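Trainee: The chain contents come next:
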Amino acid sequence: MFRNQYDTDVTTWSPAGRLFQVEYAMEAVKQGSAAVGLTSKTHAVLVSVGKTNSEFSSYQKKIFKVDDHIGVAIAGLTADGRVLSLHMRSECIHYKFLYDSPLPVGRLVVQLADKAQVCTQRSWTRPYGVGLLVAGLDETGPHLYLNCPSGNYFEYQAYAIGARSQAAKTYLERKFETFPECSRDELIRHGVISVREALAEGKLNGSNCSVAVVGAGEAFSILDPKMVQQIIDSLDDKNEEPPADVAPVEGEQGAVQDDTDQGVAPMET
Amino acid sequence: MLAAAQKDEKKDQALKNLVGHPQTGRDCPFTLLNSPISHTQYPYVTGTSVLGIKYKDGVLLASDMGGSYGSTLRYKSVQRLKPIGKHTLLGAGGEISDFQEIVRYLDELILYDNMWDDGNSLGPKEVHNYLNRLMYNRRNKFNPLWNTLVLGGVKNGQKYLGTVNMIGVHYEENHVATGFGNHLARPIFRDEWHEDMTFEEGVKLLEKCMLVLLYRDRSAVNKLQIAKITEEGATISEPYAIKTHWELEAFKNPATGAVGSW
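Taken in sequence, the protein lines are chains A and B.
Using UniProt numbering, the first residue of the first sequence is number 1, and each one after it goes up by one.
Using UniProt numbering, the first residue of the second sequence is number 1, and each one after it goes up by one.
It is possible that some hints are incorrect.
Claimed, not checked - Here are some of the chain B residues that sit facing chain A, going by a computed Cβ distance under 7 Å: (1) Asp118; (2) Asn120; (3) Glu126; (4) Asn129; (5) Arg133; (6) Ala255.
Unchecked claim - Listed next, the in silico SDA-like pairs over lysine to any residue satisfying Cα-Cα at most 20 Å (straight line): (7) B:Lys86 - B:Leu214; (8) A:Lys115 - B:Asp118; (9) B:Lys125 - A:Lys115; (10) B:Lys155 - A:Lys115; (11) B:Lys155 - A:Pro102; (12) B:Lys76 - B:Ser237; (13) B:Lys155 - A:Thr8; (14) A:Lys203 - A:Ala163; (15) A:Lys65 - A:Arg184; (16) B:Lys76 - B:Leu214; (17) A:Lys41 - B:Leu214; (18) B:Lys86 - A:Lys203; (19) B:Lys155 - A:Gly141; (20) A:Lys51 - A:Leu199; (21) A:Lys96 - B:Lys125; (22) B:Lys159 - A:Glu139.
Don't read these hints as lab results, they were simulated from the structure.
As the structure is a prediction and not an experimental result, all values here were calculated from the model.
Idealized CB from N, CA, C, for every residue including glycine.
Kindly produce the complete structure, drawing on both the sequences and the hints.
Mentor: What follows is the structure, given as structure tokens:
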């Protein structure tokens, strides 16, 4: 994207009918580390890769619980993501207080989108620089939505955002038709595998990978890092879905040529 | 909730316009600061009992159509049962004007709910909780809505029957009543109500209790309506009267048991 004379503030249209500041905000989402969401008939899963500031710091928190039935994974400006999560929590609890009932995910997402839209039409506020994958459960089943800085929202069966999300999406595209019938654990596995595709270097482990689930009879929860580590290790055992040019090995134990999964990833405390 | 938020915004706007300085903490214009604000209320036109029972297909509500002005049975065609959205019925005893106001609030709530047009809808539980918040908050401001409300509904096969009153006391039950109904009808319900009554059985039970109320509650009038709510929707019957019997032997010769002039 080139710098041009129409991109100084949000309230300036370009002759081609574009709002460049909003588009730049969407770029910020692409800079964040990957987050993946997927749904089956009964569950919704969020998986994300965390970044660290330095070797000594903790991993960036990317998944937030919003209510017992809703959670969100963010990519982009984390501070914006945190503030929006707080807002979502506030909306949910307010609805709960008034109606003694969980806020339908679709309505929360629309409120969030309207909030984001406001920032695209005021000259004194900037758009939020964060993309949100909202996973939740309501009367009509599990849902996954994407909220953009532009104020748009979309519902998805499965999606990925952030850096190298295209690699994750490619995996999801291959597999998404099987998702509705997947069990909870199978769905989580698909999520972790797809997020692994989005990893440039290094390995997935319980610390840099966050997994969260919500489903029928199961409140939204972020899995324990040890649990996540086990899931990642079990991927190595089964060695399913190595990089695209090798034929998939279905459920067989035993060594396969793929050597990027050599050894167990170190357990972090 | 959207309505409430918008209302708050409008109210805030209006106050800001009148008050001027937002930091002094006043919530009314200077001109009204020392004038008496009246909160104590008395009911003027009141409705008497409302009865509600769960039955096989949903919920039945019954009430008469009387609006008393103190001890005068002044209005005899007052609708005290109203449908709310697709899933709920509301009945009220107490101040009729407050009930009409509540129905207005709820109609607005349902309107905004419908405007989402997204397949979700407020069920009886949600409406009940909303009403509870409303009644309790008014009570805390010493400006209550002078009603006892009965709320019944069915959503996704789940039957719901509850009550809220002007001080915010609320609960759910298989059979509820307001006012005199608590004293005269509930004991009959306790004896004769059972799970999965048919529509006919339910109506018969309600009419039996309405008859007792007609004889014994001085504010009752013999013009009643029965409303039913099922998964399909709500229906409120046309008003009708029940047969009363006054030809009891004891009434024919009242002086038989106590001859004399006093």
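Trainee: Would you list, in rising numerical order, the hints stated earlier that this structure does not obey?
Mentor: Hint check: 6, 7, 9, 10, 13, 17, 18 fail, others pass.
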